[in-house]
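Asks: The listed protein sequences correspond, in order, to chains A and B. Under this note's numbering, residue 301 is the last one in the first sequence; the count climbs by one each step, no gaps. Under this note's numbering, residue 1260 is the last one in the second sequence; the count climbs by one each step, no gaps.
Misleading hints may appear alongside valid ones.
Unchecked claim - Derived CB-CB ranges, DEER-like:
1) B:Tyr1213 to A:Pro112: 50 to 56 Å
2) B:Arg1254 to A:Asn253: 58 to 64 Å
3) A:Gln73 to B:Arg1259: 21 to 27 Å
These are computed hints drawn from the structure, not numbers from a lab. For glycine and all other residues, C-beta sits at the position ideal for the given N, C-alpha and C.
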Amino acid sequence: MSYAVAIRTRGLTKDYGEGHGLFDLDLEVQRGEIFGFLGPNGAGKSTTMRLLLDLIVPTRGSATLMELDSRAQSLEIRRRVGFLPGDLELYPRLTGEAMLDYLGELRGGIDPRVRDSLAERFDADLRRPVRELSTGNRQKLGLIQAFMHEPELLILDEPIAGLDPLVQQSFHALLQELAEQGRTVFLSSHTLSEVERVAHRVAILREGRLAVVDSLDNLRDIAVRRLDIEFGRSTPAADELRALPGVREVIVNGRHVVVAFEGSADPLVKAIANHEVRSIRSRDDDLEEIFLRYYRDPDQT
Amino acid sequence: MSAPTFAMAVRLRIRSTVLAALGMASVILMVGALFPAVGDSIGRLDLPKGVSELLGGADYGTIRGWMRSEIGAVYGPLVIAAIAITAAAGSTAGEEESGILGLVLAQPIGRSRLVLEKAGAVAVAVLIIAVGTLLGLIVGVAVAGGGIGLGDQAALAVHLAFFGFATGAVALALAGITGRRAVAAGGAGAFAVVGFLINGFAPLVHGVSWLKYASPFYYYAGHDPLGSGIHLGDLAVLAAATAALTAIAAVSFRRRDLRG
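Working from the sequences, and respecting the hints, build out all of it.
Replies: Right, here's the structure in full:
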């Protein structure tokens, strides 16, 4: 692993016509990074990943992975990459074990101990046929196959989809261990909240074009987050909340209050602490809002 | 050298293919068992030449003619083409459309290699049906009181297998080019049906009789394997067509975007 850049794309384009596809993507992912690739559905995240794996051919531009050309040296790349497709499909009649055996054989055999420890870690049942598994349990098989040959680079398309919170946690822990070993993780999601616990840097794709690349810390400062707060008997005055630093919007509906804020949650939490707070739930971040803010005020970065 | 994709493709279809082969053998056995009862009463049907041509001569008075018409002319090629085409279209374009190939091809396996291994599995399915045909003929002819040598029975099964390879390869090529299961299966099926009709009718029409050479049926049954044994020239043509179509499948699949 002598390279410094794990993924580099230059003007990478896949033009499906009528504005669909991916356009002029210039991206660099450093070795050892956990890189979040965000965008709404249809923004071009899966297209990018399929281009990197030579499943589809670019209209123009190029990509190198671990300093290997994505087209000419694809076999060597795929030997060293683990991939989780966004629309994971497995042979329905096979057991998880048989499916993983097949994929392992395509790699010339894998260490079964690695596979078994991953299965244990994700609490996956390998003995049942795939068709009997829930989406989340299929996704576990998808993750195991992506990790089981201990690849240097992981390309994971919406890996969290369908996973329960406990499995998500062990997944995140695993990603951090891998990054510490110098392995690289490139993962996509359509919400910031799914990657914010693990990603070092984040890119946001919008309508096939790269809109934002930034560190997660910067992005978090910029992101407008929303909290749903349910109060007990007394509710703080809306104006009082609006006056707090960072608070952008306050909507009061009886005892339910929705507060949109940016930056630290601290002033808000301190202000509501005098009241009885029955519950706090956080709402998904709005990616659209994030890049609107980037465009409104480019100096933020 | 291991071939996991070949092994997996065989594994996924082995059960249904063996059942189909057993079905084939049972039908042939029943056809043989019927011969003593109907052979004498029907004899040679006096049909228009084109129709009798389609039915393999329609000579029901001998066990050879009976089997040629009942199994050799329509039923045998129908079953083997159906098995070959569904296996070829399903394991390539079908898996491409469902998305499984998106996962398989993220592993270090070349696309041409994948096509060749899938083609090998189609060949295995075809061979299983051919073996079922031969077993059915051996038992069916014996039940009918004999009358066709083992060599001629085997010749029909061998010609049938090569016919199956070629029709399967048509589906493989269409799947390689388009990635669409419906196009691959429908196109290869239509090709087989048109080939069947051309082989039957083209020789009757002045000026287009040469068209029969474009039909796989000509190379399958044109020299009557059940009556005159294996015809190496015909097998060579079917083998060459199979190889060329498989090569087209491999090359065209390598050059395009994966669907699904």
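Asks: Find the hints from earlier in the document that the structure breaks and name them by number, from lowest to highest.
Replies: Violated: none.
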